[in-house]
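Order-wise, the sequence lines are chains A and B.
Counted the way our numbering counts, the first sequence spans residues 1 to 113.
Counted the way our numbering counts, the second sequence spans residues 1001 to 1112.
Treat the hints loosely; a few may be bogus.
[What the hints assert, rightly or not] Label-pair ranges, simulated between beta-carbon atoms:
{"no.": "1", "chain 1": "B", "residue 1": "K1003", "chain 2": "A", "residue 2": "G28", "range": "31 to 37 Å"}
{"no.": "2", "chain 1": "B", "residue 1": "G1103", "chain 2": "A", "residue 2": "Y10", "range": "42 to 48 Å"}
{"no.": "3", "chain 1": "A", "residue 1": "E82", "chain 2": "B", "residue 2": "K1052", "range": "40 to 46 Å"}
{"no.": "4", "chain 1": "B", "residue 1": "P1008", "chain 2": "A", "residue 2": "S27", "range": "44 to 50 Å"}
{"no.": "5", "chain 1": "B", "residue 1": "M1059", "chain 2": "A", "residue 2": "Q41", "range": "23 to 29 Å"}
{"no.": "6", "chain 1": "A", "residue 1": "I12", "chain 2": "B", "residue 2": "S1028", "range": "42 to 48 Å"}
{"no.": "7", "chain 1": "B", "residue 1": "L1051", "chain 2": "A", "residue 2": "P61", "range": "23 to 29 Å"}
{"no.": "8", "chain 1": "A", "residue 1": "R63", "chain 2": "B", "residue 2": "Q1109", "range": "35 to 41 Å"}
{"no.": "9", "chain 1": "A", "residue 1": "T5", "chain 2": "B", "residue 2": "I1074", "range": "41 to 47 Å"}
{"no.": "10", "chain 1": "B", "residue 1": "N1030", "chain 2": "A", "residue 2": "P61", "range": "20 to 26 Å"}
{"no.": "11", "chain 1": "B", "residue 1": "P1021", "chain 2": "A", "residue 2": "R15", "range": "28 to 34 Å"}
Honestly, the hints are just simulated from the structure, not real lab data.
Beta carbons: idealized from backbone N, C-alpha and C, even for Gly.
Residue strings, one per chain:
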Amino acid sequence: KAGVTQTPRYLIKTRGQQVTLSCSPISGHRSVSWYQQTPGQGLQFLFEYFSETQRNKGNFPGRFSGRQFSNSRSEMNVSTLELGDSALYLCASSSGQSTYGYTFGSGTRLTVV
Amino acid sequence: DAKTTQPPSMDCAEGRAANLPCNHSTISGNEYVYWYRQIHSQGPQYIIHGLKNNETNEMASLIITEDRKSSTLILPHATLRDTAVYYCIVRLPTSNTGKLIFGQGTTLQVKP
């Protein structure tokens, strides 16, 4: 079956702009989590959505937001971009109830200039 | 979720077994040990998980000590494609949250 799909793969934005990233989970998966990965901070949890509701949130400013649609696809938005937002953004999906691992997408590489 | 400690880096010769240790001394009785790996610029990949018994799948084996305070991931015949960062994570599987706490992991370099 198809894996987790993230679009776009690469993105270059200017400081002050906003950006929207998309994640399509594995069919049947209702949980989508988002992570930011930078060389300095490693992998950090942003938030998780389950059945269109935010179920958990990491320690990021309000400029980072997300949503989930009825088909479980999720988007995350970053407003007023800063240079420090340059990172690999990863999403992961799961059924939401399994003991098994989460399946990650290949990520979106965001560069803020 | 309990904290984990891993060595920052390890080397392994191609074809030999790679043994990656993880300390999780504060693990609670119902927390599982999960292992993921991340090959450069890709998303993390689930490898294996376990509670108290040793586990084996097509990718690896997981050995958990009797007191559950540490574990070892074993790649029986490492290949160059196993070069990656390996993360050990401890969590409740039914914690109803998608939050995984990643440490710095162990960078495994498989050498020819």
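Hints, one by one, checked against the model:
1. At about 33 Å, the beta-carbon gap between K1003 (chain B) and G28 (chain A) stays in the expected band of 31 to 37 Å.
2. Checked against the hint of 42 to 48 Å, the pair G1103 (chain B) and Y10 (chain A) fails, with Cβ atoms roughly 27 Å apart.
3. Judged by the Cβ atoms, the range 40 to 46 Å given for E82 (chain A) and K1052 (chain B) holds: they are separated by roughly 45 Å.
4. Checked against the hint of 44 to 50 Å, the C-beta distance between P1008 (chain B) and S27 (chain A) comes to roughly 38 Å, which is inconsistent with it.
5. One distance hint, 23 to 29 Å for the beta-carbon pair M1059 (chain B) and Q41 (chain A), holds here, with the actual separation near 28 Å.
6. The beta-carbon spacing between I12 (chain A) and S1028 (chain B), approximately 44 Å, falls within the hinted interval of 42 to 48 Å.
7. Distance hint for L1051 (chain B) and P61 (chain A): a CB-CB separation of about 37 Å, inconsistent with the stated range 23 to 29 Å.
8. Under the hint 35 to 41 Å, the C-beta atoms of R63 (chain A) and Q1109 (chain B), about 37 Å apart, fit the expected range.
9. A C-beta distance of roughly 32 Å is found between T5 (chain A) and I1074 (chain B), which places it outside the suggested range of 41 to 47 Å.
10. Between N1030 (chain B) and P61 (chain A) the beta carbon distance is about 34 Å. The supplied range of 20 to 26 Å is therefore violated.
11. Look at P1021 (chain B) against R15 (chain A): about 43 Å separates their beta carbons, and that is not inside 28 to 34 Å.
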